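Asks: Sequence:
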Amino acid sequence: MPGVLRALLLLAAAAPLLADVNVMKDVTLGFGQALDKCREESQLTEEKMEEFFHFWRDDFKFEHRELGCAIQCMSRHFNLLTDSSRMHHDNTEKFIQSFPNGEVLARQMVELIHSCEKQFDHEEDHCWRILHLADCFKSSCVQRGIAPSMELMMTEFIMEAEARYCALPSDTTWLLKLFSRRRHPMRRQVLALLLTLARALAQLELGVLAQQYYPAVSPARARHTLSTQPPRAPRADTNDVLFIVR
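Residues -19 to -1, 1 to 227 (mature numbering (1 follows the signal peptide of the UniProt record, and there is no 0)) are what the sequence shown spells out, left to right.
No lab work stands behind these hints, which were simulated from the structure alone. Predicted, not measured: the structure shown is a model, and the values here were computed from it.
Taking CB as the label site, the calculated pair distances span:
(1) Asn82 / Gly13: 17 to 23 Å
(2) Ser79 / Glu27: 28 to 34 Å
(3) His103 / Arg57: 20 to 26 Å
(4) Asn72 / Asp102: 17 to 23 Å
The C-beta atom is built at its ideal place from N, Cα and C for all residues, glycine as well.
Build the full structure now, drawing on both the sequences and the hints.
Replies: Spelled out as structure tokens, the structure:
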């Protein structure tokens, strides 16, 4: 009985922490949706854009100014910055609260960002300052145990890709288990493969939709038009599109 009680106490203590990590994961994924829109403005190369997906990895390095510019652009996309490129406290808190259980972490995240912001307020270059701020914020989250692991992030990517784009083999348990083994010899190769798969699936979706919305023009022009000018009204059969990869 004492053992069961101890386990219950540990579970009760860990529950809030797990909730915080899940909120951070959701906020990261939601914030990351603006990355494509900010790629050209921040002059991100394909390589640096891919690096961005590894933000929570232990050995991620904050050394490219373009990443700071991208974070600035993404923050502006969600109206999280003031005219002086400082954090807009109210808007940032509301943005975090817009995610499931976001209220449990909103105030803490705003305080962490503000604390880091004060440390680098002397930096005149907005991109460099925001890059240093992001590094400080990540370190603070890791110290407080609210940073999501790369395994958790990539598992979410897999589940989202499976739900939105394709039917993966019925037994994907082996793949999810792989991410729980930090030192698995194939871990990095699989992560790289999954990122490539995610990009390919996104292009597949864009290509199929482009053919539906703009059948009279070339595929390349249709994809460009669709990515820059969303159609005014969907075709009647767009809800029937199903992406299956076998």
